[in-house]
Amino acid sequence: MKLKFNGFLVLLLVLIAQLTFAQERAVSGTVSDNSGMPLPGVSVLIKGTKSGTQTDFDGKFSIKASPNQTLLFSYIGMKSQEIVASTSIINIRLKDDSVQLEGVVVTALGIKKQERALGYSTSVVNTDEIIKGGNQNFVNALGGKVAGLQVIASGGAPGQASRLVIRGGNKSITNSNEPLYVIDGVPISNSNDGNGNTVEGFASPNRASDINPNDIESVTVLKGSAGAVLYGNRGSNGVILITTKSGKNNSGVPVIEFTSQFAADEALILPDYQREFAQGNNGVTYAEGGSRSFGPRITGQTVNSAGAGAARGLGPQAIKLKAFDPRKDFLNTGFTNNNNISLSNSSDKYSMFASLGNSRQTSIIPNQGFNKINARFNGNYKFSNKFNAGVNFSYNVSNGDLPFTGQDGNNPIFALYHMPITWDILGYGYERPDGRQINSRGGSFDNPLWTVNKNSATTDSKRYIMSVNLGYELASWMKLNYRLGNDNLVDNRKIFRDKNSGSAPSGFLSFDDISRNEITSTLTSTFNTKITDKFAATLLIGQDINTRTFRQNIITGSQLVLPGIQNTNNIQTFDPGFNQTSKRNLIGAFGNLTLSYNNYLFLDIVGRNEWSSTLPKQNRSFFYPGASASFIFSEALDIKGDLLNYGKLRVGASKTARDANVYLTQQTFKLGQFADGFTDGITFPFNGIPGYTVDNTIANANLKPEFTTEYEVGIELKMFKNRLGLDASFFKNVNTGGIIQLDISPASGATNTVVNSGETNSRGIELALRGTPIQTKDFRWDINVNFSKIKSKVVATYPGVDKIFLGGFGGNPAIFAIKDERYGNIVGSAYQRNSNGQILTDDDGYPLFEDGKNLGYVEPDWTGGITNTFTYKNLYVSAQIDTRQGGSIYSGTEELLDFYGVSAKTANREQDYTFPGVNSTTGNPNDVVLKRDAVWYGNAYPNEEYVYENNWVKLREASIGYTFKLTDKKIKALDISFYGRNLALWTKIPHIDPESSSFGTGNAQGVSRFAFPTTRTIGFNLKVQF
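Note that the sequence shown covers residues -22 to -1, 1 to 1004 in mature numbering (1 follows the signal peptide of the UniProt record, and there is no 0).
Everything labelled a hint here was simulated from the structure, so no lab data went into it.
Watch out, some of these pointers could steer you wrong.
[Claimed, not checked] Restraint ranges, calculated between C-beta atoms of paired labels, are given here:
{"id": "1", "residue 1": "ASN563", "residue 2": "SER726", "range": "31 to 39 Å"}
{"id": "2", "residue 1": "ASP953", "residue 2": "TYR641", "range": "46 to 54 Å"}
{"id": "3", "residue 1": "GLY421", "residue 2": "ILE761", "range": "48 to 56 Å"}
{"id": "4", "residue 1": "ASP953", "residue 2": "PRO751", "range": "54 to 62 Å"}
[As the list claims (entries may be wrong)] Calculated lysine-lysine pairs in the DSS-like style (CA-CA distance at most 30 Å, straight line):
{"id": "5", "residue 1": "LYS25", "residue 2": "LYS42"}
{"id": "6", "residue 1": "LYS91", "residue 2": "LYS781"}
{"id": "7", "residue 1": "LYS633", "residue 2": "LYS440"}
{"id": "8", "residue 1": "LYS633", "residue 2": "LYS28"}
C-beta atoms are modelled at their ideal positions from N, C-alpha and C, and glycine is treated no differently.
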């Protein structure tokens, strides 16, 4: 009997199981939008479970569910919808969510706000826009995409720094005008430590390039200071808010994504050379060892060459003179290989994102490159309805062999560009059997092959950025948040110049160890209340503490014992070392009150007080406020119809401050040195006795912060069912009490002093237009246009001082801030002219010069960009063009190419020529006939001749790709694309890419003098999602 009962029980359980599984069956269907177009990537989740899926590229889905279970459909920009799985086929249309369509913007302190509530200008660049061009430095990827944002490249070397400025970057006369970078709410350093001006030295990277572009979810640009007040004085130039991927919206399904990029680089533009004349000076004799190419015409004649047999230890060899192409022979094709893998997942309790990336770049210069390894983990967990916690951690290792720059004797571009066309750079080699250098010229500039094989400038850095975030809801109307962030960097640099180098015949070795550590602690309390059905208020109060420490230790030595050994044991003579340590604290207390009425009228009031350790005690505390308002007039006036779907007016006013750099309020000392002009002098420590002298900068014990006041108005429109959008901003800012290190007479015992002085202002307009001219079931055309026009003025400098030096080469030309002029002017030699504007000449027919003339402002008149994206089913094509118009640039490259006799223009040297001018003595037209030979190109042209209007148009990016439909459940998506970057340049400026800058990331811009050439990139991208 018991056996029968057990059998009956088993049978009953089997029947129940069969009935249960029979109830769970496949539910499938299609999800589309209001117009019936399929929606890919819609989250389909079984409510109350972790089971879910996503729609494919045709909007189709399939999921197993029981008839009594509820399916939750959600998609960004659409209202979520719940449907009971009572049938096996479910086709639905999701409706637009007007609030989501307006967007949620990450603002100051990582606070998310509705776009409609903002009374100041912001721009958001999403992950696809950042990575589609293959940029390994996300800063470069922002160029041309945001109105009012300008990116200026130092050059095209892997890892080379770029300068990013918002709204002109001309608020402060001598302090940095770059914005603050914040990643996941944590302020980070973007310094390149000592190479903001690349007149000499090497091209160090800016630290924002440490961030893996593939980890970025979006970049929000806070342009106006009204949106940056809460970040304190560091946000006075605007803020770049970087939000990394969190792993949310994965429907409880783990997603693995693998991306691989491979690209090739080549120089975008190289100078045009003459190929008719050999090395020499008098037009007759071939002569190696000199730097100029004004020798005989190349006819295949036999000459003696000291370089031809030098690598074999032979004396001068008889050779047939012919033209080579040293530039083509020396430069390589650079390659980039970038691989990333990530894992993400989420549920209603947690979200996580983890990634690992590896990037390897080789330069167009032999033996140089830059490598990065990135690792990241982001995790958030909701412990209860009241308490949540999160941690973000990234670790970066980067190293590279970087190019020397500017007028450094080891700058391979300087030596290569003016190398004679008759020098066989590969055939002659670079080293004699006895170790001496083989070079086409003497002096301090080395053979480029010697530089890349014997000398080096390297960087090896390790960096972590981490944050811990805690949130607790004390009540339905009150929440506490705490964030602790840490940015830590160690960068070990080394410069090595081997024995027999031109600038260091006995050799040189330098170790430069840099460490930065920044800790930011932020505590906020948020109070929400709904006063009436239409009136609501939100109050945020908080405080933060920011501590930044910097250490640098430099050991240098010369007189190497043996060549090629990069070790301190190989140094005979140690030069005076350099060691500095600094620490600064910044404490802030702030408040932000937001009032809203009926969700269409918003008022935002902010205030912050700061206490800075870099200012004297009596001026250490300072306060600044801000306010902004937005009015959604389309809703307030109940405007209906398809013509205008959304209309918003905004207005803002704010005041921000900036403190001083460290140790400008107290007199500091430096290592003492004594020289009498007859002996080698004395360097301390001397016989074990230390000695110090007063620093060259006179401190200011009453230094105050400088302040910027900004006003902004704007309008946002969305029309034709959101197919057309316009965002326009008008702004003006005034900077007063600038902290300036002013040059003074050395007779005072110092070279400069620190003062509060000067005033600058700027005003401008920014326009952003987006539209979808065509949208059908299979085809879509999207277009984005941005435009900005900004004009600055230096209103005041310092009593008795009309111009302030910003940067230069130690002679003509240089960049100055000049009173009553636009910010940044090229000052150098110009033609002398009479009252009628005619150029004056001397009696020998040469034009006359005068120094110290203003040759033009460097600020652009306007900038703009346009991006077109076409999508046909699974095929997509995109192209971005951006432009700069107006302002001036000095091409020192062209001036020196002419001087050395290698530019194509100098092939006219045998033609008779009369300069079109007026004789300064007689007043008659100049009629002296002469040749434009070595004397002419060495003396005839002032800097003015090489100053151009800086107009250019560039095909910045282009890509074409295809997303494959896959039925394999293990592979969710496969995307293959080809992309190009810096594909074409249209400009009337010869020899150079006018976008590159010889002065790096500093305030002095508008000069290109043998800057590293920018590169054209062609690449391939593969993305697989599992």
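Each hint tested on the structure:
1. ASN563 to SER726: 31 to 39 Å: Since ASN563 and SER726 have Cβ atoms about 32 Å apart, the given range 31 to 39 Å holds.
2. ASP953 to TYR641: 46 to 54 Å: holds (52 Å)
3. GLY421 to ILE761: 48 to 56 Å: Since GLY421 and ILE761 have Cβ atoms about 53 Å apart, the given range 48 to 56 Å holds.
4. ASP953 to PRO751: 54 to 62 Å: violated (25 Å)
5. LYS25 to LYS42: Satisfied, since the Cα-Cα distance of roughly 13 Å is no more than 30 Å.
6. LYS91 to LYS781: Violated - the C-alpha atoms of LYS781 and LYS91 are around 44 Å apart, more than 30 Å.
7. LYS633 to LYS440: violated (37 Å)
8. LYS633 to LYS28: Violated: LYS633 and LYS28 sit about 49 Å apart, past 30 Å.
Checked against the numbered hints above, the structure violates hints 4, 6, 7 and 8; every other hint is satisfied.
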